[in-house]
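There are 2 protein chains.
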Amino acid sequence: MRDTYHDHLDAVVADLFEMSRLVARAVAQATSALVGADLAVAEQVVAGDEAVNALYRGVETRAYDLMATQQPVAGDLRVIVTSLRIVVDLERAGDYAVHLAKIARRRHPATAVPPELRDSFLRMGRTAEEIVRKAGDVIASRDVALAGELESDDDAMDDLQRQLFTHLLQHGTSDIEAAIDATLAGRYYERLADHAVAVGRRVTYMVTGEHVDVT
Amino acid sequence: MRDTYHDHLDAVVADLFEMSRLVARAVAQATSALVGADLAVAEQVVAGDEAVNALYRGVETRAYDLMATQQPVAGDLRVIVTSLRIVVDLERAGDYAVHLAKIARRRHPATAVPPELRDSFLRMGRTAEEIVRKAGDVIASRDVALAGELESDDDAMDDLQRQLFTHLLQHGTSDIEAAIDATLAGRYYERLADHAVAVGRRVTYMVTGEHVDVT
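Taken in order, these protein sequences are the chains called A and B. As numbered in our numbering, residues 1 to 215 make up the first sequence, in order. As numbered in our numbering, residues 1 to 215 make up the second sequence, in order.
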């Protein structure tokens with residue numbers, strides 16, 4: 001019985017890792033759809049979110065079942081509760097990838113990202129993809145030092161977003177729609193990174209019991 | 001011992017309720033700071049977030065302590081775990097009120113909201129305040145029907161945000177900064193409402209065990 005129980009616990013963590021990989025790929029695809037006005041890829045991201053949501057529901061159901069039937073204590077309980085919080089961050093990060101893809105879809109066949117912002121968006125996209133990947137690695141490894149790295153990765157993302165807004169303020173855009181889209185997209189990338197940082201902080205809290213503000 | 005235990009559990013729920021009231025007030029103040037270019041009120045909202053964060057840390061610490069020392073089962077465990085998820089939504093909702101106040105602060109002594117968008121922002125502010133209050137009532141009452149109401153309240157907020165974006169697209173703004181601020185502020189109100197809805201869904205799941213997607 002206890003073996004089955006730990007198998008279920010391992011499966012929860014494996015599902016969280018799988019979610020992180022799906023989201024990282026969705027971010028990369030959404031960025032490519034945004035800068036390349038690629039409708040097919042945008043649709044893939046939107047459709048692909050169902051797999052993320054299915055994992056979300058699976059983790060939630062399994063975690064509650066484990067708590068109800070196994071009365072886990074101490075360390076195991078902490079893993080389950082942390083998983084139930086991490087799964088929210090990952091599901092939400094997946095939603096941001098979808099939001100990005102939907103901007104690309106709405107503007108198709110036009111490109112949502114003006115040429116002069118293309119590099120900026122490619123950098124934000126790459127940074128977001130990498131930070132989500134790293135959050136997945138933290139889930140799998142429970143490596144607190146790696147979790148700490150997410151903080152400075154997030155600083156880099158905040159800088160990129162600031163640069164984007166500064167550019168928008170100084171140079172404007174061809175039309176108001178481009179300004180709105182760029183503002184929202186910049187915000188989505190930044191929030192994606194925030195959720196990756198939150199994952200790192202939750203794992204750190206799980207491992208060390210030390211409180212780190214998750215905001 | 002069990003009485004102390006249930007006192008602690010009640011205190012967790014009372015703290016969540018208190019957080020919801022603090023956030024509702026912060027939203028009202030932030031809106032008034034935004035439309036009235038009121039720096040003092042904006043500063044109050046920013047400073048007031050520490051009280052929300054203190055409650056967040058208190059709920060988190062108490063909930064983990066209860067799980068570690070009391071080995072709660074079934075219903076009680078569900079309340080604790082749900083509380084640990086709700087507290088994230090409320091803390092985050094508080095952050096959005098701060099984001100709104102910071103827009104007002106950054107633009108002071110100018111008014112961040114152009115005159116023609118004033119009514120729109122007042123409506124979003126009132127809707128956000130009311131939905132956060134109702135989420136607090138759901139926490140206190142565990143009233144699943146009331147939680148259901150949050151969904152249609154959120155639809156009203158989504159409509160308001162759409163109207164705002166439509167107005168921006170059709171009429172533009174005096175400058176790009178006003179467009180960026182209005183876009184972000186509209187988004188913050190909408191997210192505030194989303195978190196209130198998430199609170200309602202989590203309480204519903206706690207009470208009924210029925211899965212509702214929280215996105």
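Heads up, a few of these hints could be off.
[Stated by the list, open to error] Computed from the model, here is a short list of chain A residues facing chain B with C-beta under 7 Å:
1) Leu9
2) Val13
3) Ala28
4) Leu169
5) Ala179
Calculated directly from the structure, the hints in this document are not laboratory data. Where is the CB? At the ideal position from N, CA and C, for every residue including glycine.
Quick rundown of the hints versus the structure:
no. : hint   : verdict
1   : Leu9   : 15 Å, violated
2   : Val13  : 17 Å, violated
3   : Ala28  : 21 Å, violated
4   : Leu169 : 6 Å, holds
5   : Ala179 : 5 Å, holds
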